[in-house]
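*Asks:* Listed here are the chains, written in short residue letters.
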Amino acid sequence: MKKRLITSIAALAAALSLAACGSGNGAAGNTAASAGTAQAGDTALQADTASTAEETAGKDGGTFTYGLATELDNFDPFTATTADAKSIYFNIYEGLVRVQPDGTFTGAVASDYKVSDDAKTYTFTLRDGIRFHNGNPVTTDDVLYSIQLAIDSKINGYDNIDKFEATDDKTIVITLKKGDTSFLADATQAIVPKGSDDNHELAQKPIGTGPFKFTEYAVQDHVTLDRFDDYWGTPAHLDEVVVKFLASSSDYIVNFQSGAIDGFTADASITEQVDKNSAVLNVGNSNAVQALYLNNAKAPFDNADVRRAICYAVNPDDIINLVDYGYGTKIGTAMIPGLSAYYDDSLASTYATDADKAKELLAKAGYPDGIEFTVTVPSSYQVHLDTAQVLVNELADAGITMNISQVDWATWLQNVYTNRDYEATIISVDGATPSPTAFLSRYRSDADNNFVNYKSDDFDAAYDKAVGEVDETKREQDFKDCEKILTDDAASAYLQDVANILVCRKGFSGYQGYPLYAVDFSAISKD
Amino acid sequence: MRYILKKTAILILTMFLISGFTFLAFHIIPGDPAQLILGTSASPEQLEALRHQLGTDLPLYRQYIQWITGFLHGDFGTSIRYSMPVASLLQGHLAPTLILGAMVIAATLLLGIPLGILGAHKRDSLCGHILSLLDMIGISFPEFFLSILLMWIFGLILHLFTPGQYVDYGSDPAGFFRFMIFPAAAIAIPQTAILAKYVRTAVIEELGKDYVRTAKGKGSTMQGILYSHVLKNAIVSIVPLIGMMIGSIFSGSIIIEQVFGIPGVGRLLISSVSGRDFPLTETIVMYIALIIVLTNFAVDIVIQWIDPRIRLNG
Numbered sequence: 001m002k003k004r005l006i007t008s009i010a011a012l013a014a015a016l017s018l019a020a021c022g023s024g025n026g027a028a029g030n031t032a033a034s035a036g037t038a039q040a041g042d043t044a045l046q047a048d049t050a051s052t053a054e055e056t057a058g059k060d061g062g063t064f065t066y067g068l069a070t071e072l073d074n075f076d077p078f079t080a081t082t083a084d085a086k087s088i089y090f091n092i093y094e095g096l097v098r099v100q101p102d103g104t105f106t107g108a109v110a111s112d113y114k115v116s117d118d119a120k121t122y123t124f125t126l127r128d129g130i131r132f133h134n135g136n137p138v139t140t141d142d143v144l145y146s147i148q149l150a151i152d153s154k155i156n157g158y159d160n161i162d163k164f165e166a167t168d169d170k171t172i173v174i175t176l177k178k179g180d181t182s183f184l185a186d187a188t189q190a191i192v193p194k195g196s197d198d199n200h201e202l203a204q205k206p207i208g209t210g211p212f213k214f215t216e217y218a219v220q221d222h223v224t225l226d227r228f229d230d231y232w233g234t235p236a237h238l239d240e241v242v243v244k245f246l247a248s249s250s251d252y253i254v255n256f257q258s259g260a261i262d263g264f265t266a267d268a269s270i271t272e273q274v275d276k277n278s279a280v281l282n283v284g285n286s287n288a289v290q291a292l293y294l295n296n297a298k299a300p301f302d303n304a305d306v307r308r309a310i311c312y313a314v315n316p317d318d319i320i321n322l323v324d325y326g327y328g329t330k331i332g333t334a335m336i337p338g339l340s341a342y343y344d345d346s347l348a349s350t351y352a353t354d355a356d357k358a359k360e361l362l363a364k365a366g367y368p369d370g371i372e373f374t375v376t377v378p379s380s381y382q383v384h385l386d387t388a389q390v391l392v393n394e395l396a397d398a399g400i401t402m403n404i405s406q407v408d409w410a411t412w413l414q415n416v417y418t419n420r421d422y423e424a425t426i427i428s429v430d431g432a433t434p435s436p437t438a439f440l441s442r443y444r445s446d447a448d449n450n451f452v453n454y455k456s457d458d459f460d461a462a463y464d465k466a467v468g469e470v471d472e473t474k475r476e477q478d479f480k481d482c483e484k485i486l487t488d489d490a491a492s493a494y495l496q497d498v499a500n501i502l503v504c505r506k507g508f509s510g511y512q513g514y515p516l517y518a519v520d521f522s523a524i525s526k527d
Numbered sequence: 001m002r003y004i005l006k007k008t009a010i011l012i013l014t015m016f017l018i019s020g021f022t023f024l025a026f027h028i029i030p031g032d033p034a035q036l037i038l039g040t041s042a043s044p045e046q047l048e049a050l051r052h053q054l055g056t057d058l059p060l061y062r063q064y065i066q067w068i069t070g071f072l073h074g075d076f077g078t079s080i081r082y083s084m085p086v087a088s089l090l091q092g093h094l095a096p097t098l099i100l101g102a103m104v105i106a107a108t109l110l111l112g113i114p115l116g117i118l119g120a121h122k123r124d125s126l127c128g129h130i131l132s133l134l135d136m137i138g139i140s141f142p143e144f145f146l147s148i149l150l151m152w153i154f155g156l157i158l159h160l161f162t163p164g165q166y167v168d169y170g171s172d173p174a175g176f177f178r179f180m181i182f183p184a185a186a187i188a189i190p191q192t193a194i195l196a197k198y199v200r201t202a203v204i205e206e207l208g209k210d211y212v213r214t215a216k217g218k219g220s221t222m223q224g225i226l227y228s229h230v231l232k233n234a235i236v237s238i239v240p241l242i243g244m245m246i247g248s249i250f251s252g253s254i255i256i257e258q259v260f261g262i263p264g265v266g267r268l269l270i271s272s273v274s275g276r277d278f279p280l281t282e283t284i285v286m287y288i289a290l291i292i293v294l295t296n297f298a299v300d301i302v303i304q305w306i307d308p309r310i311r312l313n314g
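Read top to bottom, the protein sequences are chains A and B. Under the working numbering, the first residue of the first sequence carries the number 1, and numbering increases by one thereafter. Under the working numbering, the first residue of the second sequence carries the number 1, and numbering increases by one thereafter.
Keep in mind that the hints were calculated from the coordinates and are not lab data. One or more of the hints may lead you astray.
Pairwise CB distance ranges, derived in the manner of DEER restraints [claimed, not checked]: (1) B:Met-84 x A:Asn-321: 54 to 60 angstroms; (2) B:Leu-94 x A:Asp-369: 39 to 45 angstroms; (3) B:Phe-154 x A:Ala-304: 43 to 49 angstroms; (4) A:Lys-474 x B:Leu-156: 57 to 63 angstroms; (5) B:Asp-168 x A:Lys-170: 53 to 59 angstroms; (6) A:Pro-101 x B:Leu-17: 56 to 62 angstroms; (7) A:Asp-369 x B:Pro-240: 36 to 42 angstroms; (8) B:Leu-110 x A:Pro-101: 49 to 55 angstroms; (9) A:Lys-276 x B:Ile-148: 18 to 24 angstroms.
We treat Cβ as the ideally placed atom computed from N, Cα and C, and that holds for glycine.
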């Protein structure tokens, strides 16, 4: 009897251990973001002679099978807020406005919008003739329903809404409690039919206004999106997109080679294995801040000199070259280059790698014999594990011993992110909306998501000043000031914006990069 | 009859213990399903609202009591991760796993037993040595590595199937079996090797016994002795092994479904664990445990039917 109990338990144990090392690729490795202009690393790198010239003249028709190593299970835009879910339903749902490739906003469900000078009143005009995937026209009632849903679901930025109303059957006016010039980023939140999500029905049956409509969902296998022929804008080229779920990111290469998928997005360590004769590689940014995050509340990282010593000891250039094959963008603060108007690139050179300087600072802080700590890394992200390996050697030169502890994604979320019970971790932090506040708000002393436990009165004051500023030029400078405080205090050791590379089989073209984590299927066409 | 009653009682107790162990494992591992659904940008209010909606704001022991009460009434609860009834989720995922398991068992028995007998019969010839060697190779290959090798050779080089392109059995049964041959082989090869080795040892041991010499002395042919006496006795020690193998086949299937991308129960189990989906994990574990326990139960019955001596000890 013991034996069969053991066999049954062994089966469970196998499942548990596999879960610990498998799948994942959840949210934080990826992203959302911007209001600035064009994106730094967004050049299309053609592996061969193929050019992007024909992308606007792409032919219509065909099926594109896109591999995704994260299994999507919820398509409700009000509860599914992970980056991977957003990257796909970017094609299904649209907000009053949508983000453009250059990071500015343009009307979507609204054909036009006006912002008052104090940035308190936003007036949207409903687009004429726009329809939902179910064929019904979009009315102001649908918009009001969606806004209420966003408020009820505690979507970022919606707590600032004082009142919202339809002044006639074409106009929606939103009044904010405090002026906020980045509310447009929040207005990208999906508009859905009235009553369609009363019991979270959208989780399994999404209805939006985007260029693709959701037609089929097979649990653990795939979702199918069909072109929406009544789309208000330029219709998609492809007839159909199949998003196929893979068990882990290590399956991308085999599936691509065998022809089971036509494209996928991954980091360079995976895309470098692709046969360049059969594929086109489109390099973009992941629009997330990768750093060696230090728990500012835990000794020895409660001492700013120790944190600065870490910054001097690490060499982001080496990491970009060794881990990211040179594709990543070096950063020195908690802002992505994609939000170029708010990003201070001079901060990337604040700490020039210098092991002696690091030792000096450690001695000054009272650690003449160096320090030892553990970095907790989510095992589902190869890029962060690789980064940790490189860091171990770099830190050793400065007399710092770093031990690596791997945990599964759920454990990381609970222990590191929520309970803040860790010394250091490596992760890419994304922004909930395309705005600077999404990246910087977490450093406020009282922020719920301040998982590095950073506390600075200077920063809090600078941040409040920036948020309250309605003049766009001053506001940009104010946010840069916030970034400088973070860098000078060495809130963490900032490394890079990891490259995100879309691999497409030859024969498909039309990659469109965005300053947020999204795959725009409507731009892709089959030759 | 008392024997069967006793075994049944132990069976039910085992099932309870397994569900309890799963509960304990869930109790120990960190992770919050609501946080997994919402991701890092969720606010505490959003998390709380979703936890309440999912019912995960209750302490885990109450979720367990809720689940097991439902389970005893035939209601497996609602999956947290997929927000649909566990029963309908399982319905779609059971068939590929069961067919895979059946293919593996069939292949293992049909190949393992004859190869073992052949190996014992020809143990001193070249053929026997080659079989022993193949056995060792088969046993030493981990399923995971074997499946990658099979995908590479038969998928990417010979193009006999498309790795990653699972074919649904409903829409194309021929294509389904064509695809399933390879994952089945990945599990069956090590299992066949183990069974063949075991059969070989058991048969050789029987062949050395006095009754074989006596039979030989009476003029029976080797073939005759083998099939009428030796096999019958050897099988008593082989049947329990088959019961054990069912367990290995299922745990192998968990890995193989992951590698080959088969949407079966094994893959569902892994995503239920990584999604901290308590009702789904409990139900799948109970399903797998039930299958394993029932096969072993059947094995016990078969053994005591073959060999009445067991009944006295049972």
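*Asks:* Could you tell me whether the CB distance from B:Leu-110 to A:Pro-101 stays inside 49 to 55 angstroms?
*Replies:* Check failed, 60 angstroms falls outside 49 to 55 angstroms.
*Asks:* Verify the CB-CB distance for B:Phe-154 and A:Ala-304 against the hinted window 43 to 49 angstroms.
*Replies:* violated, 59 angstroms
*Asks:* Indicate whether the distance between the beta carbons of B:Met-84 and A:Asn-321 respects the range 54 to 60 angstroms.
*Replies:* violated, 46 angstroms
*Asks:* Is 18 to 24 angstroms a correct range for the gap between the Cβ atoms of A:Lys-276 and B:Ile-148?
*Replies:* holds, 23 angstroms
*Asks:* Is the hinted range of 56 to 62 angstroms satisfied by the C-beta distance from A:Pro-101 to B:Leu-17?
*Replies:* holds, 58 angstroms
*Asks:* Falls inside 36 to 42 angstroms, the C-beta gap from A:Asp-369 to B:Pro-240?
*Replies:* violated, 60 angstroms
*Asks:* Mind checking the hinted window 53 to 59 angstroms against the Cβ distance between B:Asp-168 and A:Lys-170?
*Replies:* 47 angstroms Cβ-Cβ, so the 53 to 59 angstroms window is violated.
*Asks:* Look at the Cβ atoms of B:Leu-94 and A:Asp-369 and judge whether their distance stays inside 39 to 45 angstroms.
*Replies:* Since the Cβ atoms of B:Leu-94 and A:Asp-369 sit about 60 angstroms apart, the hinted range of 39 to 45 angstroms is violated.
*Asks:* Holds or violated: 57 to 63 angstroms for the Cβ distance of A:Lys-474 and B:Leu-156?
*Replies:* holds, 58 angstroms
In terms of the numbered hints stated before, the structure departs from hints 1, 2, 3, 5, 7 and 8, listed from lowest to highest.
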